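Asks: The primary structure of each chain is shown beneath.
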Amino acid sequence: MFLQLTLSGLSQGAIYALIGLSLTVVYRATTIVNFGHGDFVMAGAFVVYVLVIYLGIPYFFAAILALIILFILGLGVSRGFIDPIKSGPHIGFAMMSISLGYVLRGVARALWGREVFPMPKVFDMEPIFWDDIVITGDVIFITGIVVIFLIVFFLIFYKTTIGTIIQAVYQSERGASLIGVNVQIFHQYMWGVGLAMGALGGILISPISLLHPDLGATFLIRGFAAMTLGGFGSLFGAVIGGLLLGVAEQNFGFYINSALIDITAYLVIVAVLVIKPAGLFGKRITVRV
Amino acid sequence: MISQKTVRLSFYIFLLLLLIIPFITNEYLLWMVNTMLVYTLVTLGFNILIGNLGQLVFANTAFFGIGAYTTAILMVYTGVPYFIGIIASALTGGLAGFLASVTALRGIRLYYLAIITLAFGELMRWVYLHGDKVTKGSDGLLMPHSSFLGIPLDSEVPKFFVFLLLTILVIKATSNLMKSKIGRAIVAIRENEATTASLGIPTANYIILAFVWSGAVVGIAGAMFAVLTERVLPESFGLTEVIVHFGMVLVGGTGSIIGSVIGAITLTALPEYFRQFPGLDELFFGIIIVVILLFLPKGLVSLLWYVSPAFKERYYKE
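In the order they appear, the protein sequences are chains A and B. Under the numbering used here, the first residue of the first sequence is numbered 1, with each subsequent residue one higher. Under the numbering used here, the first residue of the second sequence is numbered 1001, with each subsequent residue one higher.
Simulated from the structure, these hints should not be mistaken for lab results. No experiment lies behind these values; they were computed from the predicted model shown. Mixed in with the good hints, there may be bad ones.
On the chain A side, residues computed to face chain B include the following (Cβ under 7 Å) [said to hold, decoys possible]:
hint, residue
1, Pro84
2, Gly88
3, Tyr102
4, Gly106
5, Arg109
6, Ala110
7, Met119
8, Pro127
9, Ile128
10, Ile256
11, Tyr266
12, Ala271
13, Leu280
25 Å max Cα-Cα, derived DMTMM-like pairs, lysine to aspartate or glutamate [unchecked claim]:
hint, chain 1, residue 1, chain 2, residue 2
14, B, Lys1181, B, Glu1191
15, B, Lys1136, B, Glu1235
16, B, Lys1136, B, Asp1154
17, B, Lys1298, B, Glu1193
18, B, Lys1298, B, Glu1156
19, B, Lys1181, B, Glu1156
20, B, Lys1133, A, Glu173
21, A, Lys159, A, Glu173
22, B, Lys1133, B, Glu1230
23, A, Lys283, B, Glu1193
24, B, Lys1005, B, Glu1027
25, B, Lys1136, B, Glu1241
26, A, Lys283, A, Glu173
27, B, Lys1298, A, Asp83
28, A, Lys86, A, Glu173
29, B, Lys1133, B, Glu1235
30, B, Lys1136, B, Glu1230
31, A, Lys86, B, Glu1235
32, B, Lys1136, A, Glu173
33, A, Lys276, B, Glu1241
34, A, Lys86, B, Glu1193
Ideal placement from N, C-alpha and C gives every residue a C-beta, glycine not left out.
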């Protein structure tokens, strides 16, 4: 049973890892935590739904199109809403991201009411039985896509010129701008990438979790927990944190109490920040004077 | 130019005018006015941490819920008078504030603080939901008939007067506190914590004090909320609620007491109107805050500053 739980935990955790990673990408680039991220995750899933159901575009192309739309949305958010309040306090960023999320959720609810939609199944496959373990098509589909995505992401990050530029800006914005990197444009692109990655998480999970305007709220906290556990600001840490969280949720839920599934993420956040605020892979928090 | 004296006088006239509200409104409107009074205190307490101390503390629903449940549990199980319930709520709210301040004192700041305090609020909601034996879970606790110092609180009119009294008392106390040395120290910590500490000001004590005061104020608001809704439900203290509170602080004006009042009134009244259309309340809420952030970053209260600088609070320096 432990193996079965761990397996389904890993496929849940893959989504959390993706969302934690997408939050981290934006955070490392701009030092802004996107509190409205959950709603962008939801928006990604809704865009796919609209494209598939209303326009009849095949699922795969709809997903690609949705990622591009969310990327452009990210550019717009950064340029239109974050840049103008750059000189203000951090509280403004937090509220701005929350309220942009509210606008998206409001649009989704106004257009589709309070109903719940089933997303068309993409990956219909007979589950595999192996000993007493059942592997469903969804698990293979989600885990597979996330793994492929993560490999591509980290290859780009560590092996290409673009990745080197990103690393340079992460290390020192000033230094990067001195060698000719346009930091402002860079921030916009990172918002775009972050939102598109979050949307991918929404697109992958929506066939299982059903589609509703409040889809994102649960994932936002899971993403935070993944980030905190792995170490705030660590890309690799967010992935490991997400996977561990997914496994922990399933096992706690089964072996201790099923009510614990809902609050594992919160317990993880509190425990990590009280015991070891730097998380597993993060740098120690230092206060700059 | 309007002088400080005129502004002060107009405040008292405004307060007197408030007294005729019950005679010119119906039950539903008065219920909304009462809700506004509750949210005024919620925003006021939140604003101390967000605006004056300048920390992203999202534990407000935790304080609010703890306040409401304290009064409800005490009144249901021990039958104490409402007056005692309010005091108990202020105490437990303050205690919750103290607990939340422990995180801030461990050097947890900014988003770390935001996330851990969010988690605190949600964990409390889980406790209300799963502590069935005491809190009755998702059914909620039904409040018994209550009376405040002999006045039965069975309709909106007596509630209004009691709430108004409480609100004015708490606002006045907070205003005095913020004008004092303590309030100035709290604002100094917001501006630069290290410098403040280097001046020999015990920053840790003032951070704890700000948290405890905020918790107590919001706890009192919780006690009022329990009587207002007559049923205390876990859903009233969820994640979206803390965001509404945050919005009220921002729309009114961070760090401003008048701003807290304006924010609470605006964001209670307008979404209530839009509630009839699903989704529009959220859409409207999002848009109004985006507009405020882009064009009025000091909140609606800064419009008053154009009328007269006398409305600027003396302790709050930009």
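Asks: Could you run down the list of hints and mark each one as holding or not?
Replies: Now the hints, each set against the structure:
Residue-level restraint check for Pro84 (chain A) holds (minimum Cβ-Cβ distance to chain B is 6 Å; threshold 7 Å). The closest approach between the C-beta of Gly88 (chain A) and any C-beta of chain B is roughly 6 Å, which is under the 7 Å cut-off, so the hint is satisfied. Proximity of Tyr102 (chain A) to chain B holds as hinted, the smallest CB-CB distance being about 3 Å (cut-off 7 Å). Checking Gly106 (chain A) against chain B: minimum C-beta separation of about 3 Å stays under 7 Å; hint holds.
The closest approach between the C-beta of Arg109 (chain A) and any C-beta of chain B is roughly 3 Å, which is under the 7 Å cut-off, so the hint is satisfied. A least Cβ separation of about 3 Å between Ala110 (chain A) and chain B falls short of the 7 Å threshold, and the interface hint therefore holds. For Met119 (chain A), the suggested interface contact is broken, since its CB lies about 20 Å from the closest CB of chain B, more than 7 Å. With a least beta-carbon distance of about 33 Å to chain B, the hint placing Pro127 (chain A) at the interface is violated under the 7 Å criterion.
Contact between Ile128 (chain A) and chain B, as hinted, is not supported at the beta carbon level, the nearest pair being about 36 Å apart and thus beyond 7 Å. Against a cut-off of 7 Å between C-beta atoms, the interface hint on Ile256 (chain A) is violated, since the closest Cβ of chain B lies about 13 Å away. Among the interface hints, the one on Tyr266 (chain A) holds; its C-beta lies about 4 Å from the nearest C-beta in chain B, closer than the 7 Å criterion. A hinted interface residue such as Ala271 (chain A) counts as satisfied when its beta carbon comes closer than 7 Å to some beta carbon of chain B; here the least separation is about 10 Å, so the hint is violated.
Taking 7 Å as the C-beta contact cut-off toward chain B, the hint placing Leu280 (chain A) at the interface is violated, the least distance being around 15 Å. Between Lys1181 (chain B) and Glu1191 (chain B), the direct Cα distance comes to roughly 15 Å. Compliance with the 25 Å bound is thereby established for this hinted pair. For a cut-off of 25 Å, the pair hint linking Lys1136 (chain B) to Glu1235 (chain B) stands: about 13 Å separates their Cα positions. The hinted pair formed by Lys1136 (chain B) and Asp1154 (chain B) meets the criterion: a straight-line CA distance of about 23 Å does not exceed 25 Å.
Under the criterion of a C-alpha separation no larger than 25 Å, the hint pairing Lys1298 (chain B) with Glu1193 (chain B) is consistent with the structure, at around 22 Å. The straight-line distance between the Cα atoms of Lys1298 (chain B) and Glu1156 (chain B) is roughly 34 Å, outside the 25 Å bound, and the hint therefore fails. Taken as a hint, the Lys1181 (chain B) and Glu1156 (chain B) pair is broken in the structure, with Cα atoms around 39 Å apart against an allowance of 25 Å. For the given pair, Lys1133 (chain B) sits about 55 Å from Glu173 (chain A) by alpha-carbon distance, which is inconsistent with the 25 Å threshold.
Simply put, Lys159 (chain A) and Glu173 (chain A) have alpha-carbon atoms about 20 Å apart, close enough for the 25 Å limit, and the pair holds. Distance hint between Lys1133 (chain B) and Glu1230 (chain B) is fulfilled; the C-alpha atoms sit about 19 Å from each other, no more than 25 Å. Distance check on the hinted pair: Lys283 (chain A) and Glu1193 (chain B) sit about 22 Å apart at the alpha-carbon level, within 25 Å; holds. Distance restraint check for Lys1005 (chain B) and Glu1027 (chain B): the Cα-Cα separation of roughly 36 Å exceeds the 25 Å cut-off, and the hinted pair is therefore not satisfied.
Distance restraint check for Lys1136 (chain B) and Glu1241 (chain B): the Cα-Cα separation of roughly 21 Å lies within the 25 Å cut-off, and the hinted pair is therefore satisfied. The straight-line distance between the Cα atoms of Lys283 (chain A) and Glu173 (chain A) is roughly 18 Å, inside the 25 Å bound, and the hint therefore holds. Distance hint between Lys1298 (chain B) and Asp83 (chain A) is fulfilled; the C-alpha atoms sit about 17 Å from each other, no more than 25 Å. For a cut-off of 25 Å, the pair hint linking Lys86 (chain A) to Glu173 (chain A) stands: about 15 Å separates their Cα positions.
Distance restraint check for Lys1133 (chain B) and Glu1235 (chain B): the Cα-Cα separation of roughly 17 Å lies within the 25 Å cut-off, and the hinted pair is therefore satisfied. Taking the CA atoms of Lys1136 (chain B) and Glu1230 (chain B), the gap is about 14 Å. The hint holds against a cut of 25 Å. Distance check on the hinted pair: Lys86 (chain A) and Glu1235 (chain B) sit about 35 Å apart at the alpha-carbon level, beyond 25 Å; violated. Restraint check for Lys1136 (chain B) and Glu173 (chain A): the C-alpha separation of about 53 Å exceeds 25 Å, so the hint is violated.
With a C-alpha separation of about 29 Å, the suggested pairing of Lys276 (chain A) with Glu1241 (chain B) is violated against the 25 Å cut-off. For the hint pairing Lys86 (chain A) with Glu1193 (chain B), the CA-to-CA distance comes to about 22 Å; that is within 25 Å, so the pair holds.
The earlier numbered hints that this structure contradicts are 7, 8, 9, 10, 12, 13, 18, 19, 20, 24, 31, 32 and 33.
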